[in-house]
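Peer 1: Taken in sequence, the protein lines are chains L, F, W and P. Just add 515 to the spot in the first sequence (first one is 1) and you have this note's numbering. Just add 515 to the spot in the second sequence (first one is 1) and you have this note's numbering. Just add 505 to the spot in the third sequence (first one is 1) and you have this note's numbering. To convert, note that position 307 of the fourth sequence is 290 in this note's numbering; the numbers rise steadily by one, no gaps.
Worth flagging that the hints you see were computed from the coordinates, not collected in a lab. The beta carbon of each residue, even a glycine, is placed where N, CA and C say it ideally should be. A couple of the hints might just be wrong.
[What the hints assert, rightly or not] With a straight-line Cα cutoff of 25 Å, these simulated SDA-like cross-link-like pairs (lysine to any residue) come out:
1) P:Lys335 with L:Ala545
2) L:Lys639 with F:Ile840
3) P:Lys302 with P:Arg262
4) P:Lys59 with P:Ser69
5) W:Lys635 with W:Pro664
6) L:Lys714 with P:Glu102
7) F:Lys641 with P:Glu102
8) P:Lys258 with P:Gly19
9) F:Lys641 with L:Val738
10) P:Lys335 with L:Val738
11) F:Lys639 with L:Ala838
12) F:Lys641 with L:Arg794
[As the list claims (entries may be wrong)] Far from chain W, some chain L residues (derived; all Cβ distances over 12 Å):
13) Trp611
14) Val619
15) Thr632
16) Pro643
17) Glu728
18) Asn737
19) Arg815
20) Leu817
[Stated by the list, open to error] Facing chain F, from chain L, some residues (calculated, C-beta under 10 Å):
21) Leu615
22) Val642
23) Pro644
24) Ile646
25) Leu649
26) Gly650
27) Met651
28) Leu653
29) Thr665
30) Ala820
31) Gln821
32) Thr825
33) Leu834
34) Val836
35) Tyr837
36) Leu841
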Amino acid sequence: MTDTTAPGQKTGIRISGAFHRLLAFSGLIALVVVFSLASPNFMQTQNILAILQATSVNGVLAIAATLVIITGGIDLSVGTLMTFCAVIAGVILTYWGLPLPLGVIGAILAGTVVGFTSGTIIAKLKVPPFIATLGMMLIMKGLSLVISGTRPIYFNDTPGFTQISLGSMVGSVIPGLPIPNGVLILFAVALLAAFILGKTALGRYTFALGSNEEAVRLSGVNVDRWKIAVYALAGSICGVAGLLIASRLNSAQPALGQGYELDAIAAVVIGGTSLSGGRGTVLGTLIGALIISVLANGLRILSVAQEWQTVVTGCIIILAVYADILRRRKL
Amino acid sequence: MTDTTAPGQKTGIRISGAFHRLLAFSGLIALVVVFSLASPNFMQTQNILAILQATSVNGVLAIAATLVIITGGIDLSVGTLMTFCAVIAGVILTYWGLPLPLGVIGAILAGTVVGFTSGTIIAKLKVPPFIATLGMMLIMKGLSLVISGTRPIYFNDTPGFTQISLGSMVGSVIPGLPIPNGVLILFAVALLAAFILGKTALGRYTFALGSNEEAVRLSGVNVDRWKIAVYALAGSICGVAGLLIASRLNSAQPALGQGYELDAIAAVVIGGTSLSGGRGTVLGTLIGALIISVLANGLRILSVAQEWQTVVTGCIIILAVYADILRRRKL
Amino acid sequence: AQDQVDIALISKGFQHQFWQAVKAGADKAAAEFGANVTFEGPESESQVDRQMDMLAAALSRQPDAIGFAALDSQAAVPLLQQASDAGIPIVAFDSGVDSDIPLTTATTDNVAAAALAADKMAELIGGEGKVAVVAHDQTSRTGIDRVDGFVNRMKEAYPNIEVVSVQYGGGDQLQSTEITKSILLANPDLKGIFGANEGSAIGVANGKTELGSEIVVIGFDSGAAQKGMVESGVMAGAITQNPVGIGYETVKAAIGALNGEELPEVIDTGFYYYDATNMTDPEIAAVLYD
Amino acid sequence: MVGGSSERATTPAPAVPLVEMTGVDKSFPGVRALIGAQFDLRPGEVHALMGENGAGKSTLMKVLSGVYSRDAGVVKLDGVPVEITSPRQAQDAGISIIHQELALMRDLTAAQNIFIGREPRRFGILDEGQLNRDAAAIFASMNLKLEPTVKVDTLTIAKQQMVEIAKALSYRSRVLIMDEPTAALNDAEIAELFAIIVRLKAEGVGVVYISHKMDEIKRISDRVTVMRDGEYVGTVPAADTSIETIISMMVGRTLSNETLAIPNTANAPVALEVKNLRRGREIRDVSFSVRQGEILGFAGLMGAGRTEVARAIFGADRKEGGEIWVHGKRVGISTPRDAVEKGIGYLSEDRKLFGLATGLDVRNNIALASLDRFTGPGGVLDEAGMEQAAKEAIRQLAIKTPSDTQEARLLSGGNQQKVVIAKWLLRDCDILIFDEPTRGIDVGAKSEIYKLLNNLAAQGKAIIVISSELPEILRLSHRIAVMCEGRLTGVLPGGSSQEDIMRLATMRETAMELRHAG
Ligand SMILES: Nc1ncnc2c1ncn2[C@@H]1O[C@H](COP(=O)(O)OP(=O)(O)OP(=O)(O)O)[C@@H](O)[C@H]1O
Ligand SMILES: Nc1ncnc2c1ncn2[C@@H]1O[C@H](COP(=O)(O)OP(=O)(O)OP(=O)(O)O)[C@@H](O)[C@H]1O
Ligand SMILES: [Mg+2]
Ligand SMILES: [Mg+2]
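Looking at chain L on its own, in the form it has when it is part of the complex (with noise of 0.2 Å):
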């Protein structure tokens, strides 16, 4: 038997590996350059500071989103089920007049509940995710409304409650650098989603299911359990997703979320995640997201109007994958 391995070989894949990664960039950073060379105020540091805000939610929930299809899977439900946390957290807080950490655990657990179920329902019943989240989508959207009575809730009476999502720990300890936590929350969700798919069981589960499940299920590993599990967790990403949305709009809008399921999703196919499951990174899903955002801001900086600023994020969402796909090819 011959090894094919050979040690050259090795380290040429391992160059690679790392060339690889920074050129993924590549889309996001021409896309910078254009724009900071198209306006000045680009590039400014409150303009960053916005694109990174703006990318918060939807990062969040694009996370989520990767983890699921991953999986092999897709979640359609993370917009509306984001909307139903904060609706949960308004209900725990506003209605309730609970404190503030009740309100966090609360609208967490709930994302959770809701995964559970949808996991459940997919891995037990055997419903397509496509369908078994589609449903999701709509119960949620549903629901949101039913309990909030179709009214925004306000968070008046928590007063720290935006912070979550405005406030700066960042910089009240360095004043000239005023991240909002709302951008530290999305860093932090990702490296928490970056560190379980890379360093879990439940992320070994994951790329496992994505990649056979069948062979999977063939070597004795409780299948359907894993698959509860994924949905469980990016429910609870949702939950997330709700509380940095609420948060920031100072109240649960509870008909706000359908739609947001596609931009997520847009961001984790532009990140290189396949959707057809089994590979997929958190750091391709960030830029993804990165791209949408960088594109909506810099076009509408350009004082594009607005049909054209559509007409060129579709041009550009397809251009910025089709040059991915070369450059692999390259490699």
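Put chains F, W and P with the ligands on the given structure of chain L with help from the hints.
Peer 2: Quick look at chains F, W and P with the ligands alone, frame taken from chain L:
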């Protein structure tokens, strides 16, 4: 070597096949029965016609999506492409004042060209269908606004136009049965699509591509050409949908269309077509689209509060698909 | 409740506070006159065909009267004709229907209301400088009317004011916030922004707060959040319609029609400018809603 | 016919067998896969399970390993009746299985695949270092040079098969089921595997061994159980039973093993000529030709590059240089379609990945490469013609399927392979490249395929057969091309000895350099 094909076994399979097809309606029939019992207004001719009319646009879009999904792809652009085609018809008929047939041809041709473009991006540039059609969805949305000048185009100068959808050829022959032409067009498109899928080489390759694209390529088939053909065909069907909706509203509404892709894809999946490709039927998609419309109509007839309508719809979509899964498992 | 009058209201939206206030007004009238009222509307103001499906389902229900806020009045004509043939009286609300089928229309003059917003904006920024508009919808009647009303008024009456940007956020608060921040960062010398409906207005105010900007914000509609912002001064003021009145008048007119009463062609439910100084005036407080 | 009563096992029969299965029934829609099947396994024995394609071997073992639940029958472990309803239960009961169809998670590494479900952890965190060390230890014990961190989808099927074997070994089970483990392996790897099996025997492990390679049965097994059409035929001791007897038990008749007359093709016109084909390290300046009516065998060790050459000729992969001449004319082939249009057909070595459209039925798989022939005006397909062609192929190749409308993925492995062969026969190409055509095919069908290849050659077709089984190459080929490390190291005449072939197959570049230096 012996032949296991005993005559008895074979008939067994045939019977179960027919039975199967009959039972596939069960979810739909159950809904109809429940609503009929709950409200005397549900089973009236006028309401049945309203349901069919409400199904026509989504049904046609879902048929377009079915073709693409069977190849293992996805088409997110069906909704806005429909709108784009409607706008093109508006430009031809109202802005340029050309005769009706040219408007019809123009809309369908526009759909075909756009579908062809999406197909080419997917087949030749290897951009994943999700991204290519997401991009196309945005491009079509923007272009519809640009071309129409962000305002509806009315067809008041083309008197026959509303007849495409609202007139009733059947009604003029059999007075008691004013089935709108839009519904006839839906069935015509369904028959055509079923014929193409079942009887032609294009249809066979559609299934083959979704089943194992690499095997098809290694069989010496020009995979790219057939894939592009499927997307172009789907595009032309979106053109038909564009005509249907424009004639129903007597106007091309340039802002409409986004979000419709989800309903179309939902109809496809409820109808039993797998998102991973290789299997699916037009009949199933029709049933899926009908389930969606019957549900919406029935809940409205029963005066269910709108937020609860959403919740119930979500639950029933999951249940309908679960019932279908149970049925298949038993057979 | 079999003997109660059954009235179906098909509105342009459902989840937004404005439409919920219309619903509240309708419910109030329903309670007062002993009617059974249902209220439905599509998700976004672009879904013209969905509204048609709702109207068709409402017709199948065979209600005694219909109240209808047309997203596109032409599209609705065949169904309205069908209703009128069936002898079901129709009352238009919020915006008119280009047809003589509706017996009356309970509405706000959106063009004039937006022009008033322009006047107030001009007054507050001192008659010169750059302003922008964040609106909800590029193609809906209210979206078009309010943008046109504001922009045209500025053009005609205030030559030193330039409307540098008109953008649309779908009435989504978050999206409107992001849009506002981009506009502010692209135009550091901007003086004011008009938010053309509730979601847009709140989004504009949020964007202003997040960037710590000092621009003048004028909003549209009310709701608890917007009232709070006007109170605290983040928003200089806002135009409010009288949605509760619209809902109330619609149901009242429908019942009047069923009783054979003569109805006026238009029931103008009016609009008002409110700011921190006049919010508690009884006349204003009556039309503000949470 | 030999009955099940001739019990003269080489290992002394202990009182209680490890596994005992009796009266096992299993039906699938339209198929009775097992009818009263029976099987037993003793500690420390290798028990071969034999039968034609579709006889029910894999199904029986899937029942034992908890993948399928049986419809009837008794399964006993150590004499105690048990219900094994999941793979996990089977593992806990000490049963592990190497499935016939590879069941790997393609996006994971070799080590991750082996220990899926049993990852070493430290404080709840995966210990990737330990994982890789454990995998490396198993590879070392198998004499396998493989990096534990390599992703399995970059491995050849042979290496993937070795990963599956490593995975099964890692369970340290008392019962190890191997369903055609050697189908993708070459002789050296098979020898390595057999050494492992001998070691396991010594440790008292019971091994169930399924293979269609008759010589292996004699080499490794103690007893042989034969199945036919889902039924138990008999159990015989391997040492005292001739291969012919086993075969006749399998097929229910005696197979004629006539040696095929090799016609002289030396003067026939050249059908395919390949000149200086190149691509990086994989294909290094390969030139050869095949004449009409000739079968050219391709021999070589795993990774010799035979598949790469075939795929490059066929246009499935890119080439960096070289010319292809068909019937004396230089042709440009850059896609499989070009190749098929020039009359070249290629049966790939991995049917699941590249051969079969698993969702389609048998009929459409057979017609897949010839659909244009069945397409009438308006693109409408001639379904009746396709049905007739498919039924003809099913008859000709004796494909075991309930009907031509059965989904291809539901056929047994060997019958799937026949469907892919039928596809190319229907296409009627002048030049056919068969890459491992008999992989997973039973003896009866194998000799059918040999006959078929000879018939095709007799009809004037030029045929290339790539095979890792030397006896097959020797039996079929008019000439034998041998490859090593991407180079064509020589072309031998038909009657050459195994030693000559092995010498060329191991002629490494370094060895050649040394010889030149010396
Ligand atoms: N999941 C399934 N659904 C339907 N039929 C099946 C299924 N699995 C196996 N069969 C059928 O059961 C029979 C026995 O198949 P099995 O795979 O056990 O054969 P085998 O002896 O292993 O053959 P091979 O040597 O080709 O691997 C075949 O006719 C096959 O088509
Ligand atoms: N998917 C792959 N990714 C990377 N390298 C590959 C891949 N497949 C094959 N190779 C490499 O290509 C060379 C030849 O492959 P392969 O083993 O298929 O040759 P072969 O002669 O057809 O052998 P066999 O048919 O016995 O497997 C080897 O160096 C192998 O490592
Ligand atoms: Mg088998
Ligand atoms: Mg090979």
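Peer 1: The structure should be examined with respect to each hint, and the outcome stated for every one.
Peer 2: Hint check results:
no.	hint	verdict
1	P:Lys335 with L:Ala545	violated (41 Å)
2	L:Lys639 with F:Ile840	holds (12 Å)
3	P:Lys302 with P:Arg262	holds (5 Å)
4	P:Lys59 with P:Ser69	holds (16 Å)
5	W:Lys635 with W:Pro664	holds (11 Å)
6	L:Lys714 with P:Glu102	holds (11 Å)
7	F:Lys641 with P:Glu102	violated (36 Å)
8	P:Lys258 with P:Gly19	violated (57 Å)
9	F:Lys641 with L:Val738	violated (32 Å)
10	P:Lys335 with L:Val738	holds (24 Å)
11	F:Lys639 with L:Ala838	holds (14 Å)
12	F:Lys641 with L:Arg794	holds (17 Å)
13	Trp611	holds (18 Å)
14	Val619	holds (20 Å)
15	Thr632	holds (24 Å)
16	Pro643	holds (24 Å)
17	Glu728	holds (35 Å)
18	Asn737	holds (39 Å)
19	Arg815	violated (3 Å)
20	Leu817	violated (7 Å)
21	Leu615	violated (28 Å)
22	Val642	holds (5 Å)
23	Pro644	holds (9 Å)
24	Ile646	holds (5 Å)
25	Leu649	holds (6 Å)
26	Gly650	holds (4 Å)
27	Met651	holds (7 Å)
28	Leu653	holds (3 Å)
29	Thr665	holds (6 Å)
30	Ala820	holds (8 Å)
31	Gln821	holds (8 Å)
32	Thr825	holds (3 Å)
33	Leu834	holds (8 Å)
34	Val836	holds (5 Å)
35	Tyr837	holds (5 Å)
36	Leu841	holds (9 Å)
In the structure shown, a violation is registered for the earlier hints numbered 1, 7, 8, 9, 19, 20, 21, in ascending order.
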